[in-house]
Amino acid sequence: MPQMGESIAEGTVSKWLKQAGDTVERDEPILEISTDKVDAEIPAPSAGILVEVMVDEGQTVEVGTVVALIDPEGIASIDTKPEETQKPNLPSGPEEVPELKDPVTPSLVATQSSDVGQSAEERLRSRSTPVVRKIAAEHGIDLADVVGSGHAGRVTKQDIVAFMESSGVTGSDADASGISAAPARDSIQIQSETSSFWDFFYKEVQHPEYPVRPADQVEGMDKMRRLTAEHMVVAKRVAPHVHSFIEIDFSVIDRIRTLSRSRWEAQNARVSYTAFVAWAVSRVLRDFPMVNSAVSGNNVIYRGNVNLGMAVDLDPGLIVPVVHDADHLGLVGIGNKIVDLAGRARARKLMPDEIQGATFTITNPGVLGTVVGLPVIPKGTSAILGIGSIEKRVVVVTDQQTETDVVAIRKRSLFSLGYDHRIVDGADAARFLSALKEMLESFPEDA
Amino acid sequence: MNAPGRSFTVRELGVIDYSEALELQAHLISQRREATIPDTILLLEHPHVITLGSSSNYEHVLLDESELEKRGIKLFEVGRGGDVTYHGPGQLVVYPILDLKPDRKDLHRYLRDLEDVLIKVARSFGVQANRDPSGTGVFTELGKLGAIGVRVSSGWITSHGIALNVSTKLDFFETIIPCGIRDRGVSSLERELGVPVCMAEVKECMADSFRQVFSS
Numbered sequence: 001m002p003q004m005g006e007s008i009a010e011g012t013v014s015k016w017l018k019q020a021g022d023t024v025e026r027d028e029p030i031l032e033i034s035t036d037k038v039d040a041e042i043p044a045p046s047a048g049i050l051v052e053v054m055v056d057e058g059q060t061v062e063v064g065t066v067v068a069l070i071d072p073e074g075i076a077s078i079d080t081k082p083e084e085t086q087k088p089n090l091p092s093g094p095e096e097v098p099e100l101k102d103p104v105t106p107s108l109v110a111t112q113s114s115d116v117g118q119s120a121e122e123r124l125r126s127r128s129t130p131v132v133r134k135i136a137a138e139h140g141i142d143l144a145d146v147v148g149s150g151h152a153g154r155v156t157k158q159d160i161v162a163f164m165e166s167s168g169v170t171g172s173d174a175d176a177s178g179i180s181a182a183p184a185r186d187s188i189q190i191q192s193e194t195s196s197f198w199d200f201f202y203k204e205v206q207h208p209e210y211p212v213r214p215a216d217q218v219e220g221m222d223k224m225r226r227l228t229a230e231h232m233v234v235a236k237r238v239a240p241h242v243h244s245f246i247e248i249d250f251s252v253i254d255r256i257r258t259l260s261r262s263r264w265e266a267q268n269a270r271v272s273y274t275a276f277v278a279w280a281v282s283r284v285l286r287d288f289p290m291v292n293s294a295v296s297g298n299n300v301i302y303r304g305n306v307n308l309g310m311a312v313d314l315d316p317g318l319i320v321p322v323v324h325d326a327d328h329l330g331l332v333g334i335g336n337k338i339v340d341l342a343g344r345a346r347a348r349k350l351m352p353d354e355i356q357g358a359t360f361t362i363t364n365p366g367v368l369g370t371v372v373g374l375p376v377i378p379k380g381t382s383a384i385l386g387i388g389s390i391e392k393r394v395v396v397v398t399d400q401q402t403e404t405d406v407v408a409i410r411k412r413s414l415f416s417l418g419y420d421h422r423i424v425d426g427a428d429a430a431r432f433l434s435a436l437k438e439m440l441e442s443f444p445e446d447a
Numbered sequence: 001m002n003a004p005g006r007s008f009t010v011r012e013l014g015v016i017d018y019s020e021a022l023e024l025q026a027h028l029i030s031q032r033r034e035a036t037i038p039d040t041i042l043l044l045e046h047p048h049v050i051t052l053g054s055s056s057n058y059e060h061v062l063l064d065e066s067e068l069e070k071r072g073i074k075l076f077e078v079g080r081g082g083d084v085t086y087h088g089p090g091q092l093v094v095y096p097i098l099d100l101k102p103d104r105k106d107l108h109r110y111l112r113d114l115e116d117v118l119i120k121v122a123r124s125f126g127v128q129a130n131r132d133p134s135g136t137g138v139f140t141e142l143g144k145l146g147a148i149g150v151r152v153s154s155g156w157i158t159s160h161g162i163a164l165n166v167s168t169k170l171d172f173f174e175t176i177i178p179c180g181i182r183d184r185g186v187s188s189l190e191r192e193l194g195v196p197v198c199m200a201e202v203k204e205c206m207a208d209s210f211r212q213v214f215s216s
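Residue numbers (the working numbering), protein chains in the order written: chain A, 1 to 447; chain B, 1 to 216.
If you're looking for bench data, these hints aren't it; they were derived computationally from the structure.
Take the hints with a grain of salt, since some may be wrong.
Okay, the calculated bits of chain B under chain A, using three or more residues with CB under 8 Å as the criterion [unchecked claim]: (1) 11-25; (2) 72-82; (3) 148-160; (4) 202-211.
Okay, derived cross-link-like pairs now, DSS-like style, lysine-lysine, Cα gap no bigger than 27 Å in a straight line [said to hold, decoys possible]: (5) B/K169 - A/K15; (6) A/K18 - B/K203; (7) A/K349 - B/K120; (8) B/K101 - B/K120; (9) A/K15 - B/K105; (10) A/K18 - A/K223; (11) A/K18 - B/K105; (12) A/K437 - A/K349; (13) B/K120 - B/K74; (14) B/K70 - B/K203; (15) B/K169 - A/K349.
For glycine and all other residues, C-beta sits at the position ideal for the given N, C-alpha and C.
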């Protein structure tokens, strides 16, 4: 089920225009979906033979669900696409169809975006309530075994109770034995099937539940909050975080800002401190590939692009739009892009592509006065830079003419780099931060 | 991004049969897909007709076929989103044939934009219309003023669209449960204002509002 809009979480298959066994051309409509007040035709992402239709007409499924398989081999002799021969994760055979965000470009090159590609576990969880999950966990029941009778196949409490009764797990039995039985079952599974443990470890996030007190108010997390929560848990669980700090002097940047102000105003350009930092980061990253990388299995993916994620506070909520190929943009270009993305992020008008593909992230806790932050590294990347508050400080500098130390007032900021120690060592981080400091403190006037 | 200012061809079709309008839309969709025509907006009125969208429930049509025939109301099942609705004289129907690819590959955004257009048109006649969390469309205190039902064809080409009650005889809505919403009435610009409204002016205003909303 392709993503047909930022706020669209599911779609109903209203009609199959092609059946299993049919040959389909690329971009030829293969099914119709309806969502809300819209009917939409979904084109084939690639040519091939439709080998399997996996969702019936009338069924509602979430974005990211595989609805059909197209076998490109069926016509490989006519239409051989290079990218189809080097899929990393799929056996040669049926190709997953429609791909998530962009039906045309195969997106198996792992995206690190948070709102697509729900795993089977995530889907299962969204098909049940916390109560049901709790019962399932307590009694060692795999929710995949339970037939759901609720909306969109949700497993209701009645369903799971009926399942327990029919499979001989009664409430009282379970109460008596459940606590010891469930962990035992888990550990056997882990021993016999190590891979499922890692699946669980890397993907499944279950937040512990707490008793509610009388004066409390309980609200479900909205989608953004839930995705952020899950993302953060996995990011921290997987990457060993280390943070290093450096102090940056903004005197040179301030001078450039003052000199260029009238010119930028005439161009209607908006060049914030963050824009300077983003420009400098995008240039320095070229010399530090490990800081612009991702650990993937036993490999390291060194990213070929510099795509800067820029954390935006939505108050409430957090979203990270991406300045793609920032190293190809000039200072003004980056500045305008950041203003544009942040504005549309707050207006909830970002396109799906614009929150995907970050290779490095910048967050700016300093704008709210924080001296320094210890940011979490977004999963699928190796580092994040935190900009602390930029403020006037009393510092000791050496007067270049008299070579004496004097007390001066300088605009400065503490930067923090959070990095994944699996791939970035402390010395790498220090060299990166030093290079960034040098770039910012002797900022080129023609950037 | 810097959305290029869209330019529209606006075609006024007067009163046109529903089936004829369907054929015309199909034709324009393929032309738009091949980029042989620019974004096009059709402004028209239909003779009495009840249409059922893909999420329609036949129970929301309250008359049987013979009764519909007696009243001269035709019934169509169509490939647009939404439930059952009524079109007829005095209702301005707008079918935008747009390519959403350049700047609007987002169905919800498109729906919100269409609502914006309706709200702007209503406002320029001094009528305060609003969105309602209960569903797509725009509403006043008195009821639903404008309805939305959309289709997006392969290549992000839109068809179907919006229906704004200008001077619609609202009792025709009693033959259906519009959009399956029982507890809200329907309204028209004329009902809101208590004076006759000139359809030509509404059309002009509609075209303007489209330009404004879709150039941003």
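Now for the hints, and whether the structure bears them out:
Remark: the stretch 11-25 of chain B is not confirmed as covered by chain A, as 0 of its residues place a Cβ nearer than 8 Å to a Cβ of that chain, below the required three. Chain A is given as covering the stretch 72-82 of chain B, and this holds because 4 residues of the stretch bring a CB closer than 8 Å to a CB of that chain, at least three being needed. With a cut-off of 8 Å between beta carbons, the stretch 148-160 of chain B has 8 residues touching chain A; three or more are needed, and the interface restraint holds. For the stretch 202-211 of chain B, the assignment as covered by chain A is violated, since 0 residues bring a beta-carbon within under 8 Å of that chain's beta-carbons and 3 are needed.
For the hint pairing B/K169 with A/K15, the CA-to-CA distance comes to about 35 Å; that exceeds 27 Å, so the pair is violated. Between A/K18 and B/K203 the CA atoms are separated by roughly 40 Å; this puts the pair beyond 27 Å, and the hint is violated. Taking the CA atoms of A/K349 and B/K120, the gap is about 20 Å. The hint holds against a cut of 27 Å. Between the alpha carbons of B/K101 and B/K120 the distance comes to roughly 24 Å, so the proposed pair stays at or under 27 Å and holds.
For the suggested pair A/K15 and B/K105, the alpha carbons sit about 21 Å apart, so the restraint of at most 27 Å is met. At most 27 Å may separate the alpha-carbon atoms for a hinted pair to count; A/K18 and A/K223 exceed this at roughly 33 Å. Between A/K18 and B/K105 the alpha-carbon distance is near 24 Å, which keeps this suggested pair within the 27 Å criterion. A threshold of 27 Å between alpha carbons decides the hint, and for A/K437 with A/K349 the separation of about 34 Å lies outside it, so the pair is violated.
Note on B/K120 and B/K74: the hinted pairing is violated, with a Cα-Cα distance of about 31 Å set against a maximum of 27 Å. Of the pairs offered as hints, the one joining B/K70 and B/K203 is violated, with about 31 Å between alpha carbons and a cut-off of 27 Å exceeded. Distance check on the hinted pair: B/K169 and A/K349 sit about 38 Å apart at the alpha-carbon level, beyond 27 Å; violated.
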